[in-house]
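Participant: Chain by chain, the residues run as shown.
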Amino acid sequence: MVVCCCLGRTATWVSYQLKIHAQKYMRSPLIPEMATQEVQLNETLAHLKSESESLKSKLEEERAKLHDVELHQVAEKVEGLGQFVMKTRRTLKGHGNKVLCMDWCKDKRRIVSSSQDGKVIVWDAFTTNKEHAVTMPCTWVMACAYAPSGCAVACGGLDNKCSVYPLSLDKNENLAAKKKSVAMHTNYLSACSFTNSDMQILTSSGDGTCALWDVESGQLLQSFHGHAADVLCLDLAPSETGNTFVSGGCDKKANVWDMRSGQCIQSFETHESDINSVRYYPSGDAFASGSDDATCRLYDLRADREVAIYSKESIIFGVSSVDFSLSGRLLFGGYNDYTINVWDVLKGTRVSILFGHENRVSTLRVSPDGTAFSTGSWDHTLRIWA
Amino acid sequence: MSNSGVPNSSLVLAQKAVKQLRLEASVHRIKVSQAAAELKTFCLQNAHKDPLLTGVPSSDNPFRPPKSCVLL
Numbered sequence: 001m002v003v004c005c006c007l008g009r010t011a012t013w014v015s016y017q018l019k020i021h022a023q024k025y026m027r028s029p030l031i032p033e034m035a036t037q038e039v040q041l042n043e044t045l046a047h048l049k050s051e052s053e054s055l056k057s058k059l060e061e062e063r064a065k066l067h068d069v070e071l072h073q074v075a076e077k078v079e080g081l082g083q084f085v086m087k088t089r090r091t092l093k094g095h096g097n098k099v100l101c102m103d104w105c106k107d108k109r110r111i112v113s114s115s116q117d118g119k120v121i122v123w124d125a126f127t128t129n130k131e132h133a134v135t136m137p138c139t140w141v142m143a144c145a146y147a148p149s150g151c152a153v154a155c156g157g158l159d160n161k162c163s164v165y166p167l168s169l170d171k172n173e174n175l176a177a178k179k180k181s182v183a184m185h186t187n188y189l190s191a192c193s194f195t196n197s198d199m200q201i202l203t204s205s206g207d208g209t210c211a212l213w214d215v216e217s218g219q220l221l222q223s224f225h226g227h228a229a230d231v232l233c234l235d236l237a238p239s240e241t242g243n244t245f246v247s248g249g250c251d252k253k254a255n256v257w258d259m260r261s262g263q264c265i266q267s268f269e270t271h272e273s274d275i276n277s278v279r280y281y282p283s284g285d286a287f288a289s290g291s292d293d294a295t296c297r298l299y300d301l302r303a304d305r306e307v308a309i310y311s312k313e314s315i316i317f318g319v320s321s322v323d324f325s326l327s328g329r330l331l332f333g334g335y336n337d338y339t340i341n342v343w344d345v346l347k348g349t350r351v352s353i354l355f356g357h358e359n360r361v362s363t364l365r366v367s368p369d370g371t372a373f374s375t376g377s378w379d380h381t382l383r384i385w386a
Numbered sequence: 001m002s003n004s005g006v007p008n009s010s011l012v013l014a015q016k017a018v019k020q021l022r023l024e025a026s027v028h029r030i031k032v033s034q035a036a037a038e039l040k041t042f043c044l045q046n047a048h049k050d051p052l053l054t055g056v057p058s059s060d061n062p063f064r065p066p067k068s069c070v071l072l
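Residue numbers (UniProt numbering), protein chains in the order written: chain A, 1 to 386; chain B, 1 to 72.
In isolation and in its complexed conformation, chain A is listed as follows (with noise of 0.2 angstroms):
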């Protein structure tokens, strides 16, 4: 039986290709033009492609002609950093599984954190209370945000949504009540964030694609295509460096896009595997990158080219999550292998190693005032450092 059913199916696709073939031959004699048409077409293809790759080697050509120097060269004659004292100052105990985002208040004092449990937890830093908790309908919320003006958290995962919840000051209400659902994508929400102000949000998606979006009337304000895999992360630029965000994805690219046109002005292909994490330069200049081939790289805008990479030989596992310190001489980086790195960002060298989770750092960020930073991880907890 399964000897006639290969034989079936094998006459099926000998009389379709049969079909196909007898269409092809019967084109060109009855219509001249349409022969013509398609040999001009496959034509412009191949001129096409060919344009693409001169481009693609001039663009190479170009960034290499600028390269004249590294950072860490042009930085030797800058101080070293001395030891650096950093612990765990808090540890925040009450997911129930995965912590997998989180965001700062810009009170300096309140974070947000999501995880696998489903739940959206608010907390005080300082004291580690627990002063909200929403409940999402589905289970690894992946992103999370706090609104600039602290009145309110986004978040999303699974259910390929980034829904808005305003916080309440009496904490008896019920927050799923008033949630709004902004971002509707066709895959996973990866990450979000509010741009600046409580009125926009920006997503970014498994399905390949970031958007920006309208809190108020959730109408889409503009999408930016140009990953060919799922987009993992996102940053926008600092306020003062104009409309534009680094995004990074499965497809090891990392863009730069103009968030009015929706154009990617710049890309950057250097990574070996998934970039898991983008991060601005405090100046705007630059960003930093995290991937899964366990380096963080530096990309400087202006130079449009790759111009630095912290790795060790010994480092092997993947990094989820990067930040820079406040003046952009540090960058924290969460790990894979439970630990979290701190490197000297002009020098290139790791500078402090810190223990302390029992399971993958997921996320990473730097406090507004940058006197602390925290983590979430695959633990159930995050911790903040300082």
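These are computed hints drawn from the structure, not numbers from a lab.
There could be a bad hint or two in this list.
[Said to hold, decoys possible] Computed footprint of chain A on chain B; a stretch qualifies when at least three of its residues, placed anywhere within it, have a C-beta under 8 angstroms from a C-beta of chain A: (1) 14-22; (2) 29-42.
[What the hints assert, rightly or not] Cβ-to-Cβ under 7 angstroms is the rule here; a few derived chain A residues that face chain B: (3) His67; (4) Leu71; (5) Ile384.
The beta-carbon is built from N, C-alpha and C at its ideal position, and this holds for glycine as well.
Assemble the complex: chain A is given as a structure, and chain B must be docked to it using the hints.
Facilitator: Using the frame of chain A, we list chain B on its own:
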């Protein structure tokens, strides 16, 4: 389905790719030495304002002093 369906979309994609590459190739670039110097300057100018870098005395850092006993 007519012959023009499939080739047109790959043509459009190829045209988009070339257009994007042209845009990226036309970006104004500066030398790495200049860019690196500016990154270094920014770091050094802001170093004194960076609490995690300089270390802030416990009295100024809300997270540093050990959590005082809380009577429940």
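Participant: Run every hint past the structure and note whether it holds.
Facilitator: Hints, one by one, checked against the model:
1. 14-22: holds (count 7)
2. 29-42: holds (count 13)
3. His67: holds (5 angstroms)
4. Leu71: holds (5 angstroms)
5. Ile384: With a closest approach of 6 angstroms, the Ile384(A) hint holds.
Going through the hint list in order, the structure satisfies each hint without exception.
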